[in-house]
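Protein chains: 2
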Amino acid sequence: MPNKTRTGKGDSNLAAVNAYLKKNEARFVRELSEYLEIPSVSAQREHRPDIRRCAAWIAKHCRSIGLATKIYETPGNPIVVARTPPVKGKGRLHYLVYGHYDVQPTDPLGLWVSAPFKPAIRGGRIYARGSSDNKGQHLAHLNAVEAYLKTGTELPCDLTFVLEGEEEVGSARLTEFLLKNRKKFRCDGVVVSDGSMPSLAKPALTYGLRGNVAVEVIVRGPSRDLHSGSFGGAVDNPATVLCRMIAALHDRDGRIAVPGFYRGVVPLSKAERRRLAQDPWTPKALAKFVGVPQLKGEKGYTPEEQRTSRPTLEVNGLTSGYQGEGGKTIVPAWARAKLTCRLVPDQDPSRIAGLVKAHLKRICPPTVRVEFSKGHHGGPAYLIPVTEPSAKAALRALEKAYCHPASMVREGGSIPIVSLFKSALGAETLLLGLGLPSDNTHSPNEAMSLAGYRLGARLGAFLWPELAR
Amino acid sequence: MPNKTRTGKGDSNLAAVNAYLKKNEARFVRELSEYLEIPSVSAQREHRPDIRRCAAWIAKHCRSIGLATKIYETPGNPIVVARTPPVKGKGRLHYLVYGHYDVQPTDPLGLWVSAPFKPAIRGGRIYARGSSDNKGQHLAHLNAVEAYLKTGTELPCDLTFVLEGEEEVGSARLTEFLLKNRKKFRCDGVVVSDGSMPSLAKPALTYGLRGNVAVEVIVRGPSRDLHSGSFGGAVDNPATVLCRMIAALHDRDGRIAVPGFYRGVVPLSKAERRRLAQDPWTPKALAKFVGVPQLKGEKGYTPEEQRTSRPTLEVNGLTSGYQGEGGKTIVPAWARAKLTCRLVPDQDPSRIAGLVKAHLKRICPPTVRVEFSKGHHGGPAYLIPVTEPSAKAALRALEKAYCHPASMVREGGSIPIVSLFKSALGAETLLLGLGLPSDNTHSPNEAMSLAGYRLGARLGAFLWPELAR
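Just so you know, the protein sequences line up as chains A and B, in that order. The numbers in our numbering rise by one with no breaks, and the one at position 358 of the first sequence is 358. The numbers in our numbering rise by one with no breaks, and the one at position 65 of the second sequence is 65.
Hints should not be assumed to be uniformly reliable.
As the list makes no split between identical chains, a pair holds if one copy fits it or if it spans any two.
Said to hold, decoys possible - Here are the computed lysine-lysine pairs in the BS3-like style, where the Cα-Cα straight-line distance is at most 27 Å:
1. K23 / K180
2. K60 / K70
3. K180 / K60
4. K361 / K284
5. K183 / K150
6. K150 / K90
7. K288 / K361
8. K88 / K60
9. K150 / K361
10. K183 / K288
Rather than coming from a laboratory, the hints here were simulated on the basis of the structure.
This is chain A alone, in the form it adopts within the complex:
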């Protein structure tokens, strides 16, 4: 951990910014904690009032640090837009900083050590749903901008924060919003901090993300749960049928058995595989970290390649019949699976969803009916050219902020909106994840390390001068 500010030539005006960040550390944590108390779960209707409260909270915060802030209403959740004050001067660069104030659901609730919306600090980490994904990460950037504005240090770029409330459910409103307001959001690049780096001593720019797409399948058998004694044996069991269908989604080598699934997948180059081979995880360490007896993935690829650069098809949830205590001797009326695919260049999300559905329909026996729930969301994979000058600038800022050499990594997660920044705004995105692999995002006991939060604000301080150089 760095304990002194290492500034290079031309960074002398950052001394005040970094001093301000240091001085206000405790307050920044209090503000994060307050922000985390709002249960802004976008997937669950019951949390709609919390979503609105959360948008209002972050908008108020943006205003308080000196940003011109507006809450845009949408047919879904509001979008908060906050701009730095105008600065005279021609040819100034304009960057968008993207974040999302919505969070994942909290279940299984019983596995949380402390309540997901009662932020608790233990061992230098703040535990709460949304701490790392994504409230802590965009708040760190806001802390840096606050430091510039409150110390009277001139920001070398104009910044627009775009904070949405539907990232965890597909960003449909933001997509519409940006497509309708292309001109307003014309920019030279986008900064997204919504991921992680290998460790605080190994800061990294993420140059690749997987895409994703969701398919929810329901197998319907009898019109009601049947007594398995009276009818079992003569009626097909929808749970069994669904299992057989899911079993037919992969082959023995861990490859996805959906016809056409791999068509258009760009093969990994030798250079890429060399870069991925620098993975800090050994297979054994990764297995231990996630708690499995043995890793398993697609044959012919390393675990790092499997989890960052190869497409997947996962079951996220299974539901059928009786799930309570004890037993209930029924043939269930239906069975459901929530499926998602992670995608790589150049797989198209809608096409993949169509292929998966067609395959499931094809293998579904005539003894049941198969249905798909409407409205899957998703987006394609994203790769930033490694030669992009802004990428090099970001690497310099990372090294200065974290006082360690920075690398380029490829991540397995998805931020579908990134492709939209490219297509609608023509802008490349710099993925600067401020989190850590141990943050338990999407899992019980999500946490953000306080050091990571602090260093994230430091990155925010160093980033804009490097990008403007």
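Chain A is already provided as a structure; the job is to place chain B on it using the hints.
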């Protein structure tokens, strides 16, 4: 529907009994309704107080009609024993009448038209959990006995009602209780009304039941739900693994693929298959009744054979990962299936449970761990010799009560305790189901037809003289 009492020679003293039954019909329905209001779900701990309240209710009722009644405490749910008053005379037959006051869980609650514990009468049926399985059926027998006692008509046999509160969870306490009190319950036979007949115009004695046994399997993968973007592809998915394991439980012909599963299964004789071919259901009618597009069962057997006389392995419930609204992109930490087998002579329940577990262990990959939850319950199948004199007496009583010819049928359900009556008490059991196939037992909207309840009491009136003949 008969609208006059048809009594034969020697049945003249039944006129008063039948008149009493007719006169008190409305009150009998009110009493059933009161009994059904108690949510005596044995599978769920939260209902323990209701179980005790239910035992107290039925004990009080037994006392009120003149039976010497005692509630026996057990380490689980109480057993209610109620005896008819002693009658002088040598060589009187003694019959046990078995019933259970516990009921199945109610979920999926949303599918009930009226609340499961607010009995509602619609279209000549009383809707409530437990109406047909089993409160209405044993209460009908008690109504008949009440009619004998209150009209001063001499019962031709001594009767002992044994009403337990753990039938839906395996009857473990009753088993211990009967084994410990063999002498007290020595009897000439047992009457169990806990099933159905094809229709009120086709009354039937059930001469065969399937056995059953339960296995609950949990597949454990990562120590927590993982972000499917960060880790998906390199880690096996427990939900997918469980599906593959379940898919390997049956072959393409609908036969159970567990090695050794069919060893010892007594083949169906030609006579038996002829009898089963008299099934009132055509395959098309059965498919329509249960609401499936097409039936499916073990190759080489008719639907009637499949659902009554062949063993099965059913998934009763599936649970894994995220099941709420929207999506959650995780690799779930674990996946669970509740499985039960229906058994036929001479399959042994413990042996079958062992075979299923061994098979699941064998096919479980080394990338996950497989576990089984303790304490499966079950019992072997049961067949009463068709030549048994008491069976012929029961058929005569059925014809008199329902005014239609009675037949012998084989049922697919299980009443494990029946085998115990044979082994512990040396007694055969007469299975006289008073319900109908449309009763939705174990399903939402369970109901008992009021005509079936009324005629059940009439059967109770005719049965004892026929058995004593």
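Hints versus structure:
Proximity of K23 and K180 under a CA criterion of 27 Å is satisfied in neither setting, with 41 Å inside one chain copy and 77 Å between copies. Taking identical chains as interchangeable, the C-alpha atoms of K60 and K70 lie at most 27 Å apart only when both belong to the same chain, with a minimum of 10 Å there against 70 Å between chains. For the identical chains of this complex, K180 and K60 are intra-copy neighbours only, at 25 Å inside a copy versus 74 Å across copies, given an alpha-carbon limit of 27 Å. For the identical chains of this complex, K361 and K284 are inter-copy neighbours only, at 24 Å across copies versus 38 Å inside a copy, given an alpha-carbon limit of 27 Å.
Taking CA atoms no more than 27 Å apart as the test, K183 paired with K150 passes in neither setting, with 29 Å inside one copy and 91 Å between copies. Taking identical chains as interchangeable, the C-alpha atoms of K150 and K90 lie at most 27 Å apart only when both belong to the same chain, with a minimum of 23 Å there against 106 Å between chains. Proximity of K288 to K361 under the C-alpha cut-off of 27 Å is restricted to the inter-copy arrangement: shortest distance 22 Å between copies versus 38 Å within a copy. When the C-alpha separation of K88 and K60 is checked against a cutoff of 27 Å, the pair qualifies only within one copy, where the shortest distance is 26 Å, while the shortest distance between copies is 91 Å.
For a Cα distance limit of 27 Å, the shortest separation of K150 from K361 qualifies neither inside one copy, at 60 Å, nor across copies, at 64 Å. Proximity of K183 and K288 under a CA criterion of 27 Å is satisfied in neither setting, with 49 Å inside one chain copy and 59 Å between copies.
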